[in-house]
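There are 2 protein chains.
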Amino acid sequence: MKLLEQRIVSDGIIGAGNVLKVDSFLNHQMDVEFLNKLAEEFYRLYKDCGVNKILTIEASGIGIACLTAQFFKVPMVFAKKSKTKNIAGDVYTSKVESFTHGTVYDIIVSKNFLNPDDKVLIIDDFLAKGQALLGLTKLVKDAGAEVVGCGIVIEKAFQDGGEIIRNSGVRVESLARIKSMSVEDGVEFC
Amino acid sequence: MKLLEQRIVSDGIIGAGNVLKVDSFLNHQMDVEFLNKLAEEFYRLYKDCGVNKILTIEASGIGIACLTAQFFKVPMVFAKKSKTKNIAGDVYTSKVESFTHGTVYDIIVSKNFLNPDDKVLIIDDFLAKGQALLGLTKLVKDAGAEVVGCGIVIEKAFQDGGEIIRNSGVRVESLARIKSMSVEDGVEFC
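Chains A and B, in that order, are what the protein sequence lines are.
So in the numbering used here the end of the first sequence lands on 190, straight run, no missing numbers.
So in the numbering used here the end of the second sequence lands on 190, straight run, no missing numbers.
Next comes chain A alone, as it looks inside the complex (with noise of 0.2 Å):
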């Protein structure tokens, strides 16, 4: 998507490690108005798909897949990091690796907001080494229900999530796909 490449072009900040910056509009701060372009374009690639619920996880996914789900008119439900008081017992939960952060940590969406009959598609802002979305489409099938895709905001094609998902079946649509990047010489697209 023209629109998102120029905009990491113009406001992403590469730094060390492989980390790219997008949080003046993506995740951090966010630009709601642009993001709301991303989710009608979510919404213009699986429009047709019978989609009943949208899923996210906590925290950066929240905000696109909130407004992804205004234009398809279905609830969203973000997966949560760890259990708290407020959740029931009953919840689908998988384990995901966090190479940002450092850490494995348990996800979980309670049983009640996930049913056999749902077909779901799953926002995220990310996909890097895939262990998100993993986590995420395990709590689906679990649940009996259908994992319709994925819409990714920025994937860094690079890293071997995007394959990963898309041979075990899942349909994957990223809005901007990163070849390769540093700090040298900036951001190139596939």
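Check before you lean on any hint, since a few could be wrong.
Copies of one chain are not kept apart here, so a pair can be met inside one copy or by any two copies together.
Only pairs whose alpha carbons sit at most 30 Å apart, straight line, appear in this in silico DSS-like list of lysine-lysine [as the list claims (entries may be wrong)]: (1) Lys2 to Lys141; (2) Lys73 to Lys179; (3) Lys81 to Lys2; (4) Lys179 to Lys95; (5) Lys21 to Lys111; (6) Lys95 to Lys2; (7) Lys21 to Lys141; (8) Lys21 to Lys81; (9) Lys21 to Lys119; (10) Lys119 to Lys141.
None of these hints come from the bench; they were simulated from the model.
Bear in mind the structure is a predicted one, so any value in this text is a computation, not a measurement.
Start from chain A and add chain B according to the hints.
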């Protein structure tokens, strides 16, 4: 707001220890169409106050804050709960005690996203003891910016957070104010 009170009565579940579960529409599964009506009400209440930024805290505030930012046509910023590799060193920070989780944590906002000329509307899903709001107002004040007010979905008015914040001179608008609640007698609103 009558619509919200009705929804709390019909879909909220009161658990032990004064926990009100509204995770079917507010903070786990999100009924985005419904939440947009709440967001519009925040806009009605604060539209003449020159708001140029919405601030919330991850995770469950992000959805409603994002929707509210749409109506104001301004960016939304969410405070993060711990320092990650993706945040620059230059941050405003304060400490927040969570009574739900029994922990104290740091919240941070990059100095890039709060400026002295900002007029900030703080949005959150719950107000109970007010610790998150106090932390967020401190961040805004540390930036030399102005807190226009707070927009809260559900205030537990039988706890003292709302009084503390209002007594500090900050306008607080809560769409539902719960006077008392119990498993036996249900919810009573102010």
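> When the hints from earlier in the document are held up against this structure, which numbers fail?
Replying inline: Hints 1, 2, 3 and 6 contradicted; others consistent.
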